[in-house]
Amino acid sequence: MENPFTSAGSRPEAAFASAAERFFELLKAFGMPATGQPPNWSSLAAPLAGQFEQWLRMSQAAGPWLAAGGAAWPGASAGFTAPPSASFGPLPLGPAAAQAGEVQRTWELWGRLAQLQTRLAACWSEIANTAAQRFVARVGSAAGAPATPEQAMKLYELWVNCAEEAYAATVHEEDFARLQAELANTAAALLVEQRRHAETLVRAFGLPTRNEVDALYGQVKDLRRQLAELTDAARPARAGESRTGGDERAAARRREGPAPRRGSARRTRARRPRA
Amino acid sequence: MTAPGADPGALFAQLTLRVAETLARLRQARDVTVGCSAKRPVWNCGKTTLHHYLPLAEASVARRRASRPVLICFALVNRPYILDLQPDRSLVRRLLEAGLSVYLIDWNDPDEADRRVDLEEYIETHLGGCVRHILASHGDEPLDLLGVCQGGVLSLIYSALHREHIARLVTLTTPVDFHTPDNLLSKWVRQLDTRLIEASGNIPGEVLNALFLALMPFRLTQQKYVRLLAGNTEPQAIEDFVRMEKWIFDSPPQAAVALAQFVRWFYQENRLMRGTLEIAGRRVRLADIRQPLLNLYALEDHIVPPAASAALREQVGSRDYSDCAVATGHIGMYVSRSAQAAVPGRIISWLSERR
Chain A
1 MENPFTSAGS
11 RPEAAFASAA
21 ERFFELLKAF
31 GMPATGQPPN
41 WSSLAAPLAG
51 QFEQWLRMSQ
61 AAGPWLAAGG
71 AAWPGASAGF
81 TAPPSASFGP
91 LPLGPAAAQA
101 GEVQRTWELW
111 GRLAQLQTRL
121 AACWSEIANT
131 AAQRFVARVG
141 SAAGAPATPE
151 QAMKLYELWV
161 NCAEEAYAAT
171 VHEEDFARLQ
181 AELANTAAAL
191 LVEQRRHAET
201 LVRAFGLPTR
211 NEVDALYGQV
221 KDLRRQLAEL
231 TDAARPARAG
241 ESRTGGDERA
251 AARRREGPAP
261 RRGSARRTRA
271 RRPRA
Chain B
1 MTAPGADPGA
11 LFAQLTLRVA
21 ETLARLRQAR
31 DVTVGCSAKR
41 PVWNCGKTTL
51 HHYLPLAEAS
61 VARRRASRPV
71 LICFALVNRP
81 YILDLQPDRS
91 LVRRLLEAGL
101 SVYLIDWNDP
111 DEADRRVDLE
121 EYIETHLGGC
131 VRHILASHGD
141 EPLDLLGVCQ
151 GGVLSLIYSA
161 LHREHIARLV
171 TLTTPVDFHT
181 PDNLLSKWVR
191 QLDTRLIEAS
201 GNIPGEVLNA
211 LFLALMPFRL
221 TQQKYVRLLA
231 GNTEPQAIED
241 FVRMEKWIFD
251 SPPQAAVALA
261 QFVRWFYQEN
271 RLMRGTLEIA
281 GRRVRLADIR
291 QPLLNLYALE
301 DHIVPPAASA
311 ALREQVGSRD
321 YSDCAVATGH
331 IGMYVSRSAQ
341 AAVPGRIISW
351 LSERR
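Keeping their order, the protein sequence lines are chains A and B.
Position one of the first sequence corresponds to residue 1 (my numbering), numbered consecutively onward.
Position one of the second sequence corresponds to residue 1 (my numbering), numbered consecutively onward.
I should point out that these hints are in silico values taken from the structure, not numbers from a laboratory.
Even for Gly, the Cβ is constructed at its ideal location relative to N, Cα and C.
The reader is advised that the hints may include incorrect statements.
Covered stretches of chain B, as calculated for chain A (at least 3 residues, CB under 8 Å) [stated by the list, open to error]:
1. 17-28
2. 109-120
3. 185-191
4. 214-221
5. 225-235
6. 239-249
Here chain A stands alone, though its shape is the one from the complex (with noise of 0.2 Å):
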């Protein structure tokens, strides 16, 4: 089955042929198969509930800040049951002797994260059970298994509708929320970690960091600006001398008045990378 939260959405066929197959699995949950006798709805609130519980587990695996992860964010991508041991591994050079402190870091982030995807688990098979419980309270128990596409259709939107609300009802609860950002806290504090590995590995090859990137960035970007201020503040003077008058850009720098404050420039100059 596609995630529909990451690749699938993006290929509305695929996306349509997933739906497709829960709505058909859920049209034989229903009882399709017992031809012209009513559905015992009441047996029915288990297996609709696992199965619901089966697709959250699959869908939202880690809540939404994770499930699209993908090769798109990496430190959300290898999924929760195993950490990737090859990429937190030590190095195999002089320095990543002293790396064990971080390598521990990691593990002890990668197990906080599955203590948190048990709680979610938790949540998705309360979720589960009061959609089922709902849906069956509604049906009526003199409602019979579908026999046109309409009945069949309608008989979705009531699950749908039922789903819906019991999900609403547990992820507007505190609780939910909390949980929600210790996931997305520990997803990232794991990116971090990652990169702070990736980092080590690429100072011992001799490579730039990322810290040493940004802080070059940082001063071509203070660069930039200084030269566009003095630039700016050249082109007044030529204008006068030639008079043909201001450009458009001088013409707004003075209508802006004096120039940006010289506190945005100072903010974004070179930081010292990290050690």
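Mind docking chain B on chain A? Use the hints.
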């Protein structure tokens, strides 16, 4: 709901046929194009490009000359072409038809070199640069600013800080009070560690997409597709659907520092409402917005709840404030048939009444 003695096999066969037909039409529509009005880039700064839409031949030249230019400031988190998706779903097209001179800011994709671009830079340098360019091109007369969603927040800030540049302000699905009780997005991000967001680097668009979809996962990732089985499967309808899908999943990455600031200052600290926001060393007070202001919001908006937008009324200093609530959702506000009938017309008539 039941038909005694019905054959479930026949039902499955019917549905399977519908699935196959819909799938084939979706595949046919795969290469559908988005964006319909001709435009040209006229200014840029960093990754940001200011576009000017070419006037329509049928629009009145006299009216175009008489009207102020309109600058559309869209959100950083989505692509602005939703406002010009296709000829019959285009706010831009309606504005052009009314003879307005329309500019649009495309923030484009920040890369890792832009990870430290902050909100001050986006507002003062990028948005401000666009405004100054337009002023210089139109005889220094103040312009009309149309801010959409997060772009509405940036527009409110700019209008409060640079009153002399903005004649009239229109906000569309713009959050102002980020702490209304029904704001699920706000609840979820309230306890995020924004220092970690900054340290993590730019945030991929996919992450934000997943977050938005997770607000109503069954409707947004399942039901809307299954409804294709019951709805209109004419090629045109399917193409419209695919265009929307393209837009929804085509989200740009977010500069780390700007996103972290947006989360902290607005979602966590609600600075716009509390009057505690400072940009470029200046306090931003919504009460300083005295220009005529039209605020449009959606009544079924799950991303920007109506109360979050409607709060603007009590905050701005404008004596000429109007709002307009439309019975649709957040995205529906840009493309739904009901909104297409209501929103562009309201904006155009509001602007022309204040010429």
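Checked hints:
1. Interface restraint, the stretch 17-28 of chain B with chain A: holds (6 residues with C-beta to C-beta distance below 8 Å; minimum three).
2. Coverage of the stretch 109-120 of chain B by chain A holds in this model, with 5 residues showing a Cβ closer than 8 Å to a Cβ of that chain against a need of three.
3. Under the rule that three or more residues need a Cβ within less than 8 Å of chain A, the assignment of the stretch 185-191 of chain B holds, with 5 such residues.
4. Against chain A, the stretch 214-221 of chain B contributes 6 residues with a C-beta closer than 8 Å to a partner C-beta. That satisfies the three-residue criterion, and the hint holds.
5. For the stretch 225-235 of chain B, the stated coverage by chain A holds: 6 residues have a C-beta nearer than 8 Å to a C-beta of that chain, and at least 3 were required.
6. For the stretch 239-249 of chain B, the stated coverage by chain A holds: 6 residues have a C-beta nearer than 8 Å to a C-beta of that chain, and at least 3 were required.
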